[in-house]
Amino acid sequence: MTEEEKKNIVDQWKVPEETFIFKLISKLLTFMTTLFVWIIMYVLNRSKFYGKEVIMKESAPYVFASNHTTIFDSGFIDCTLFLKKSLISYRYLPYHTPEYGNFYKNTLLAWYMDHVKCIPLERGKGIDQFAQKIVTQKLKEGNIVHIFPEGTRSRSGELLAGKAGVGKRIYESRVKVIPCYHEGLRGMLPVGKTIPKFGNKIRVIIGEPIYFDEYFEMENVPETWKKISDRIMTEINKLKEKLHELEA
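Each residue of the sequence shown is one higher than the one before, counting from 1 in this note's numbering.
Quick caveat, the hints were computed from the structure, so don't treat them as lab data.
Each residue gets a CB set at the ideal place from its N, CA and C atoms; glycine is no exception.
Treat the hints with caution; some may be incorrect.
20 Å max Cα-Cα, derived EDC-like pairs, lysine to aspartate or glutamate [what the hints assert, rightly or not]:
#: 1; residue 1: K48; residue 2: E183
#: 2; residue 1: K227; residue 2: E214
#: 3; residue 1: K176; residue 2: E208
#: 4; residue 1: K133; residue 2: E18
#: 5; residue 1: K140; residue 2: D213
Derived Cβ-Cβ restraints for the label pairs, each shown as a range [claimed, not checked]:
#: 6; residue 1: L246; residue 2: E214; range: 25 to 35 Å
#: 7; residue 1: T152; residue 2: K201; range: 35 to 45 Å
#: 8; residue 1: P190; residue 2: T33; range: 13 to 23 Å
#: 9; residue 1: V221; residue 2: I88; range: 35 to 45 Å
#: 10; residue 1: D213; residue 2: I88; range: 21 to 31 Å
#: 11; residue 1: F216; residue 2: I39; range: 38 to 48 Å
#: 12; residue 1: V221; residue 2: L246; range: 36 to 46 Å
#: 13; residue 1: E18; residue 2: K125; range: 21 to 31 Å
#: 14; residue 1: K125; residue 2: S154; range: 18 to 28 Å
#: 15; residue 1: F216; residue 2: Q137; range: 10 to 20 Å
#: 16; residue 1: L24; residue 2: P190; range: 14 to 24 Å
#: 17; residue 1: K140; residue 2: P190; range: 35 to 45 Å
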């Protein structure tokens with residue numbers, strides 16, 4: 001494979017056709033993964049979720065936006081939060097946006113990731129790469145997508161500035177955002193590690209939906225996208241403060 005082919009390989013990723021069999025396998029794999037995650041979160045660690053009722057009452061489509069501290073954030077959180085409502089409709093299983101190089105290393109892993117609703121992004125390829133356009137498409141089709149506004153994992157655990165890319169996805173799809181803040185996952189799975197540690201205190205808080213009607217009236221430019229992203233990070237920071245008050 002040439003260097004150019006390697007460079008563009010993520011753009012060759014084919015969007016899976018979600019047939020009845022595909023969805024059946026997807027639900028089965030998600031259920032099996034959820035059992036594994038539940039043991040990690042509740043048996044081997046001490047987890048508590050605030051605001052789960054928001055997920056149950058809100059209808060799709062929307063972006064589920066959280067801070068980012070480990071490569072498995074969306075797996076740990078979404079399996080715990082969304083499985084119950086996904087029994088109502090397949091679209092309530094969120095799409096995930098993992099980094100291609102970490103999760104599409106071989107055919108079997110790629111098959112698994114496709115079947116648990118992943119849209120692989122490639123670091124450094126920008127906000128207009130092929131997979132980003134698929135994210136917008138999935139939102140327009142009425143789905144949920146878990147996105148990390150910071151665009152990368154926080155090494156320190158502190159919140160980072162939001163990137164314009166998530167703002168563009170929201171502007172183009174005209175969806176609301178449900179914000180989420182979590183603590184403790186970084187201690188359970190530090191950067192560079194792939195095997196979870198045990199005995200950690202994990203806390204997750206979900207906020208009320210954020211609407212962006214006033215921003216949708218603005219010009220479709222990077223400055224507007226950044227304002228949307230900044231608003232999301234402001235709300236996530238408020239959730240951080242609220243969580244600390246609840247846990248005080």
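Can the restraint linking K140 and D213 be considered satisfied, given a maximum Cα separation of 20 Å?
Satisfied, since the Cα-Cα distance of roughly 16 Å is no more than 20 Å.
Going straight from one Cα to the other, do K176 and E208 come out at no more than 20 Å?
Between K176 and E208 the Cα gap is close to 10 Å, so the pair holds against 20 Å.
Is 14 to 24 Å a correct range for the gap between the Cβ atoms of L24 and P190?
36 Å, violated
Are P190 and T33 spaced within 13 to 23 Å by their CB atoms?
21 Å, holds
Between K48 and E183, is the straight-line Cα distance small enough, at 20 Å or below?
10 Å, holds
Given the range 21 to 31 Å, decide if the beta-carbon distance of E18 to K125 lies inside it.
24 Å, holds
Pairwise hint evaluation, E18 against K133, where the allowed Cα distance is 20 Å at most
Since the Cα atoms of K133 and E18 sit roughly 18 Å apart, the hinted pair holds (cutoff 20 Å).
Between L246 and E214, is the Cβ distance one that fits in 25 to 35 Å?
30 Å, holds
Per the hint of 35 to 45 Å, is the separation of the Cβ atoms of T152 and K201 within bounds?
At 24 Å between Cβs, range violated.
Given a hint of 21 to 31 Å, does the C-beta separation of D213 and I88 actually sit inside it?
27 Å, holds
Pairwise beta carbon distance, K125 to S154, judged against the given window 18 to 28 Å
Between K125 and S154, where Cβ atoms are some 21 Å apart, the hint holds.
Restraint status (C-alpha distance of K227 to E214 at most 20 Å)
11 Å, holds
In this structure, the earlier hints numbered 7, 16 are contradicted, and the remaining ones agree with it.
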